[in-house]
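Q: Going down the list, the protein sequences come from chains A and B. For the first sequence, my numbering begins at 1 and goes up steadily by one. For the second sequence, my numbering begins at 1 and goes up steadily by one.
Careful: at least some of the hints might be erroneous.
[What the hints assert, rightly or not] The calculated label-pair distances, taken between Cβ atoms and stated as ranges, are: (1) A:V136 with B:P16: 23 to 31 Å; (2) B:E268 with A:L132: 40 to 48 Å; (3) B:S97 with A:M141: 44 to 52 Å; (4) B:Q94 with A:M141: 39 to 47 Å; (5) A:G69 with B:K262: 43 to 51 Å; (6) B:Q94 with A:L30: 45 to 53 Å; (7) A:V136 with B:L62: 48 to 56 Å; (8) B:I125 with A:F110: 56 to 64 Å; (9) B:R269 with A:V136: 30 to 38 Å; (10) B:T93 with A:A117: 53 to 61 Å; (11) B:G224 with A:F23: 55 to 63 Å.
[Said to hold, decoys possible] Straight line, CA to CA, 25 Å or less: simulated DMTMM-like cross-link-like pairs of lysine to aspartate or glutamate: (12) B:K146 with A:D82; (13) B:K184 with A:D82; (14) B:K191 with B:D160; (15) A:K47 with B:E249; (16) A:K47 with B:E211; (17) A:K47 with B:D145.
No lab work stands behind these hints, which were simulated from the structure alone. Even for Gly, the Cβ is constructed at its ideal location relative to N, Cα and C.
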Amino acid sequence: MADMHSLARSRPEEILLPAKPWFVMLTLLLGLVCNLTPMSSDALMLKPDFLALAILYWCIQEPRLIGVGIAWCVGLVMDVADATVFGQHALAYAVLAYAAEYFRRRVLRFPLWQQAAQVAVLLLLCAALVLLVRVVGGAPMPRWTYVVGPLVGALLWPFVTVLLQWPQRPRRSSGER
Amino acid sequence: MRHISVDPPPFFHRGPSPVARLAFFGLISLALLFADTRYRYLENLRQVMAVVLYPVQRAVQLPGDALAYIGDYFVSQRTLASDNAALRQQLLTQAPSVQSQLLLVEENANLRALLKMEGRLATTIVAAQVLYSGRDPFSQKLFVDKGEVAGVQPGQAVIDMFGVIGQVTRVFPYMAEVTLITDKDHAVPVKVERSGVRSVMYGAGTGRLPELRFISPNTEIQPGDRLVTSGIDGTYPAGLAVAEVASVERETGQIFARVTCKPIAGVERSTQVLILGHPLAPQARPDEPAEKDAPRKGRGRRR
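Whenever a hint applies, use it, and build me the whole structure from the sequences.
A: This is the structure we're talking about:
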């Protein structure tokens, strides 16, 4: 865990390189691929929304690259892939992106594990929007396991952060130390 | 006196504010939601995006396929031999019915020709593989790897080796969406094989067993009865196994008995499925009776 903390952005002397747009797109594509991966029904219960996690991460870390508009477009793609009503994921992701932009300064001040708690709230908000649209459309209420996915997503947050920040870390020049 | 421009110089120009963007995209989302649920205007857009998504959907299959391939490679000789023996045994037990089937089909066709009735056997069969199941916990849907190019049409029945698993509801060029019989919005016209009682089986959504509604308490039905498609809807060919009655509750206070059923087919397990062609072209419906406000009956067919 200590290692995790040392890798987090809170280390003051380290300034991250700017994220590359193609890398952001690649991670969004990976999130989509993870969402579409076939799983058995037991694992499906635990499955977080990887795409929402990726959007949230980039909206918090690089709000100038990706915002409400791109999140909305990605949501449309997810609607088609998931065969849900058009606009359902789009609406949820757009609100998620906005909330991320609103809270990003607060979230970034905390160490990773406390960030995860705040991310859990945002992901639950996203899931609640999807639920709201479905219930208005006449779907029955899901079982309580519905909230497990977003919570698992929040637990993945520190790992996602470390993983996605890897290409942005400045390389030590050989002369240093 | 000169006026200073009120607007700040565009050093930090970032377009409309986040709130404005959120309002804009939120409104579009709501419009889309409305247009899609009420009128289904957007099927063309969906088709185009589905084609774009297809490579991703195939790429997702690769790791699983690779694992399965490697797993196949290391299957032991003994497993193969025992599998082979079991399959031979199965073939042998099914042989009489298969052999008599040809005879029966011919006889049936002759009798129907004599009676001037139309044939009702499925015309085409397309074998397909399940790509993935929907991630959505609310709906029970599958995606299969055959689409319009392979001749799949909306409304066709989908079965596996044991019985009915669902119905094609959307067709894309290279894949199709199948709504399972356990979906909340899906209904199958069935009859009880033992007693011939007709009914309609409604899906109940994830994790709940489908049920027969509006069964009066004195109906001849009991747990363990097999339900087969009745074929009166023009969608499902008659006689396909659908479900087994799991429980029948007859409460004195209720007008109808509560009947739950357990699907026979591997609705959530099958990976190989068959898509059956339409049994016959649906005939033109007779004109509606004069009164317009009569309640419409469910037809077991999604709009």
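Q: For each hint, tell me whether it holds in the structure or not.
A: Hint check:
1. Under the hint 23 to 31 Å, the C-beta atoms of V136 of chain A and P16 of chain B, about 28 Å apart, fit the expected range.
2. A C-beta distance of roughly 27 Å is found between E268 of chain B and L132 of chain A, which places it outside the suggested range of 40 to 48 Å.
3. Between S97 of chain B and M141 of chain A the C-beta distance comes to about 45 Å, which sits within the given range of 44 to 52 Å.
4. The hinted window of 39 to 47 Å between Q94 of chain B and M141 of chain A holds, with their beta carbons roughly 44 Å apart.
5. Between G69 of chain A and K262 of chain B the CB atoms are about 47 Å apart, so this pair conforms to the stated range of 43 to 51 Å.
6. At about 46 Å, the beta-carbon gap between Q94 of chain B and L30 of chain A stays in the expected band of 45 to 53 Å.
7. The hinted range of 48 to 56 Å is not satisfied by V136 of chain A and L62 of chain B, whose Cβ atoms lie roughly 37 Å apart.
8. Separated by about 59 Å at the C-beta atoms, I125 of chain B and F110 of chain A satisfy the suggested range of 56 to 64 Å.
9. Roughly 32 Å separates the CB atoms of R269 of chain B and V136 of chain A, a value that falls within the hinted 30 to 38 Å.
10. About 60 Å separates the C-beta atoms of T93 of chain B and A117 of chain A, a value consistent with the hinted range of 53 to 61 Å.
11. Checking the proposed 55 to 63 Å range against G224 of chain B and F23 of chain A shows it holds: the Cβ atoms sit about 59 Å from each other.
12. The straight-line distance between the Cα atoms of K146 of chain B and D82 of chain A is roughly 17 Å, inside the 25 Å bound, and the hint therefore holds.
13. This hinted pair checks out: K184 of chain B and D82 of chain A have alpha carbons roughly 16 Å apart, not beyond 25 Å.
14. At most 25 Å may separate the alpha-carbon atoms for a hinted pair to count; K191 of chain B and D160 of chain B meet this at roughly 19 Å.
15. Restraint check for K47 of chain A and E249 of chain B: the C-alpha separation of about 36 Å exceeds 25 Å, so the hint is violated.
16. Straight-line distance between C-alpha atoms of K47 of chain A and E211 of chain B comes to about 29 Å, which puts the hinted pair past the 25 Å bound.
17. Straight-line distance between C-alpha atoms of K47 of chain A and D145 of chain B comes to about 23 Å, which keeps the hinted pair within the 25 Å bound.
Hints 2, 7, 15, 16, counting from the list given before, are not met by this structure.
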